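With chain A fixed as given, assemble chain B onto it according to the hints.
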Amino acid sequence: MRLNRDTAIAIVSLLICGALLVSTFQMPAPMFNQMPATLWPRMIIGPLAILSLILLVKAQLSEADDSTPIRSFSDWFSYYKNPIYCFALFFLFLVTMPILGMLIGGLLYVFITLNVLGGWSPQLMLRHALVTLFFVVGMWAIFTQLLGVFLPEGILLRVY
Amino acid sequence: MDLFTNIGLASAELFSFTTMALMMLGTLVGLLAGAIPGFTIAMAVVLVLPFTFAMSPVQGLATMIAVYVGGLSGGLMSGILTGIPGTPSSVATTFDGYPMAKAGKAGLALGIGVWSSFFGGIIASIVLILIAPQLALIGLEFQPVDFFALVIFALTVTASLAGNEMLKGLMGALFGLLIATIGSDVVFGLPRFTFGIDEVSKGFAFLPVLVGLFAFSRLLNDVRDPSSASKRLGGEQSANVVQIDYIASAKVVLSHWTNVVRSSLLGVFVGVLPAAGSTISNILAYDQAKKASKEPETFGKGAIDGIIAPEAANNATAGGALIVMMALGLPGDIMTAIMLGALLIHDVIPSPSFISDEPTIAYSIFLAFFIANFMMLFLQSITLRGFVMVTKVKMYMLTAVILFYCAVGIFALNNIGYDMWTLFIFGVLGFVMRALGFPIVPIVLGVVLGQIAETRLSQVFARGDGLDVFLTRPWALFFILLSGFSIMFPSFQKHLGKKRWTRFFLPILLIVLSLPVFMMPGYIRPVIAGLMLITGIVQLILRLREPALKLDQAPTT
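In order, the protein sequence lines correspond to chains A and B.
All residue numbers for the first sequence refer to this note's numbering, where the first residue is -1 and numbers rise by one.
All residue numbers for the second sequence refer to this note's numbering, where the first residue is 2 and numbers rise by one.
Keep in mind that the hints are not guaranteed to be accurate.
Distance ranges between label pairs, derived from CB positions [what the hints assert, rightly or not]:
no. : chain 1 : residue 1 : chain 2 : residue 2 : range
1   : A       : LYS56     : B       : GLY190    : 37 to 45 Å
2   : A       : GLY146    : B       : ASP348    : 15 to 23 Å
3   : A       : THR94     : B       : ASP199    : 22 to 30 Å
4   : A       : LEU12     : B       : SER229    : 46 to 54 Å
5   : B       : PHE5      : A       : LEU131    : 46 to 54 Å
6   : B       : ILE198    : A       : ARG3      : 17 to 25 Å
7   : A       : PRO45     : B       : GLY523    : 29 to 37 Å
8   : B       : PRO227    : A       : ILE140    : 28 to 36 Å
9   : B       : ILE127    : A       : ALA6      : 49 to 57 Å
10  : A       : GLN121    : B       : ASP199    : 45 to 53 Å
11  : B       : SER354    : A       : MET123    : 42 to 50 Å
12  : A       : ARG125    : B       : LEU138    : 15 to 23 Å
13  : A       : GLY16     : B       : PHE18     : 57 to 65 Å
14  : B       : ASP226    : A       : ILE14     : 24 to 32 Å
Think of the hints as simulated: they come from the structure by calculation, not from any bench.
The model shown is predicted, which means the values in this text are computed figures rather than measured ones.
We put the beta carbon where it would ideally sit given N, CA and C, even for glycine.
This is chain A alone, in the form it adopts within the complex:
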C-alpha cells in the first residue's frame, strides 16, 4: 500500500464516516412517523464514504510524485511556523480570556502576534505597540461604547 497525502486523507475520512455512522445507531427512534434524526446524516455519510473510497483508489493508482519534497518534522515546523505561532497565540488568548478579558488580552495578543510575525527590533516594537494601541482600543471602544456590546472584562479589570 502506498502511503501518500491523499491516502491519509481518504483513510481519516473513512474513519470519520465509520464513527459517525456508528453514532447514528445510538440516536433515539423517530416518533409520530416523522423523519428520523438519522436519515439526513446517513444520506450524507454514504456518498462521503464512497467518495473517500474513490480518493483512496485514485491515490493508490496514481504514480509517485517526486516533485513533492518529503519534509522532516523540523522542516515541516519551519514551513508552517507562522500559522502555528498564530494559532498557539490565539489559543492562549482564548484560554486567558476569563482572567485578562478582551481588552488586556487583545492588547497582549495583537502586540505579541505582530512581533512574532514582523520582528522584535526596538523600532518595530514601538511601531507595533502604536498599531496595537490604536486598533485594539479603537475596536474595543466601538463595540462597547458605540454598539453596546458587553465584551468580557476579565478578572483583572474587575479587581482593579
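Chain B alone, transformed into the frame defined by chain A:
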C-alpha cells in the same frame, strides 16, 4: 402590491439619514478592501457582518450590499495604478488599464473604470428590479420536494467551484453538510453527534464557522511565508498622483455604449448562473469585447474597450447573483451565501415567497444595490489617492489586527465564549483542509445549505409524500436531472472540443430537460418544452453527421 408601491415603501425605510450614512461607510470599507490585493470582497463582507447585528434588517443588509458594491469597484484602483488586481474580479482590468496608466493616461484609465463600474451596476439594478419578482412568482409553485431537489442541484454546483479538485470539492461539500448536522435534529431537537459535550448540542452558529473556515484560514495562509508576510500588499511600486477628468472619461464610456450594455448583460447572466461569479464574468466580458472589436490588436496595450468590458461586467454580476438569492432563496456563490447568512441572523428566512412576504426588505435590497453604485462613484472620485496608500500596509499587520477583530465580532454575535472557540476550531480545520488541497467554498456552501436541505426533506416526510414525487413533480424532476448534468459540467468544460462525447452534451441536456418542462402546467411551458426537444434533436442529428462530413471532405490517399 405593484412595483411602485413596493419601491415607495422601501424608500421610506431606506432613505433615512442613519441608513444612508451606514451605506456610505460600507461603500468606503468595500472600496478600501477591494483596493487591497489579496483581501477578498467576501472577507470584507464577512468582517462587516458583526457590525450589522445591532441594526435593523434593512440597515444591516443595505450596509453589506454597499460593501459588496464598493469591493467590486475598489479592485480597479490598484489594478490600474500598480498592475496588481485588488480582487480576482478585476484581473482583466489590469490587461489594458495598467498599460494605459503606464502610457501616462492613468487618470483616463481610472475614469473609464469608475464610470464603467457605475453603468454596469445601474444596468444590473434595473434588471434585478424587473426580473427577480417574476422569477419569484415561478418559485411560489415550489413544494418542499421541489425545494429539496433545488438544494441538491445547488450542492452539485460545488463541483464547478472546486476547479481541478472536483473530488475533494464534492467531499468538502458533504463535509460542510455534516458540520450542519452537528447539534440537534431539525424535527424534534434531539441531540446529534454531540459525543457527550453539552455545549455542542446547540450546534455551531453559522458566522463563527464561516469566518473560521474562510477568513481565518485565508489570513494565516497569507502569512505562512515569512518573507511575503513582511511585504507590502500592493507591491513596492509607487502610484503617482493622478487627476481624473470625469466628464471626459464619461463621454468616452458613453461613446462605447454597446460594449457597456453587452458586458453588463453578460455580467448579469454569469451572476445568475450558480457558482459563476465576477471572477469569471470580467474575463468573459474582456474576451467578448476583444472578439467584437474592430481593433483587437490594441487589446493588451491600453484599449478603452478592454477596461470598459471587465469593469461593467464585474459590477453587473452582483445584480445577477442577487436575482437568484432574492427570488429562490438560494446562494449561488460565496457572496450570496454570506448574504443569506446575514438574512437568517436578522430572522428573515429567504424563500421564493420572500419578495411577496417581505416586500419592504426585498425592495430595500434592490434599491440599496442601485444607490450603492452612486455612492461608489462619489467616494471613488474623492478618495482615490487615500485608497492607493492603504495598499502599502504590510500583510502581517493586517492579519494580526483582523484576527483580533474576528474574535471580537464573533463574540458580539451571541455574547458567549463558545462561539470564539468555534471560530478557533474551524480556523484550524479550514487551514488544514486548505493545506490538504480542499477548496473552502464548497464546504461553506455545504454548511449554509445543510439545514435548509434537512428542513425541506423533513417537510416532504411530514406530508407523507413517497419517493416517487421526485419523478412526478415537474420542478423536482427538472432539478434532479439538472443536478446530473451539473456534476458532469466541469468534465464537459475540460474536454470540450477534445473528446467526442462533449459534442452531444448540450443537445442531450435540452432533450432530457424538455420532459419535466413539458409536465409543467399551462400552455407556454409545454410549448417551450417542444421547442427544446426539437432544437435538441436537430442539434443531435447535426453533431452525429459532423464526423461523417469531415471524413467525406478528407483527402483520399
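Consistency of the hints with the structure:
Range check, A/LYS56 to B/GLY190: Cβ separation about 40 Å, and the 37 to 45 Å hint holds. Between A/GLY146 and B/ASP348 the beta carbons are some 19 Å apart, a value that agrees with the proposed interval 15 to 23 Å. Roughly 23 Å separates the CB atoms of A/THR94 and B/ASP199, a value that falls within the hinted 22 to 30 Å. For A/LEU12 and B/SER229, the Cβ-Cβ distance of about 36 Å falls outside the hinted range of 46 to 54 Å, so the restraint is violated.
For the hinted restraint 46 to 54 Å between B/PHE5 and A/LEU131, the CB-CB distance of approximately 52 Å keeps it satisfied. At about 30 Å, the beta-carbon gap between B/ILE198 and A/ARG3 misses the expected band of 17 to 25 Å. Separated by about 36 Å at the C-beta atoms, A/PRO45 and B/GLY523 satisfy the suggested range of 29 to 37 Å. Under the hint 28 to 36 Å, the C-beta atoms of B/PRO227 and A/ILE140, about 31 Å apart, fit the expected range.
Look at B/ILE127 against A/ALA6: about 52 Å separates their beta carbons, and that is inside 49 to 57 Å. Between A/GLN121 and B/ASP199 the C-beta distance comes to about 49 Å, which sits within the given range of 45 to 53 Å. Our hint of 42 to 50 Å for B/SER354 and A/MET123 is violated, since their Cβ atoms are close to 58 Å apart. Checking the proposed 15 to 23 Å range against A/ARG125 and B/LEU138 shows it is violated: the Cβ atoms sit about 58 Å from each other.
At roughly 58 Å, the beta-carbon separation of A/GLY16 and B/PHE18 lies within the given 57 to 65 Å, and the hint holds. About 31 Å separates the C-beta atoms of B/ASP226 and A/ILE14, a value consistent with the hinted range of 24 to 32 Å.
When the structure is compared with the earlier hints, violations turn up for hints 4, 6, 11, 12 and for no others.
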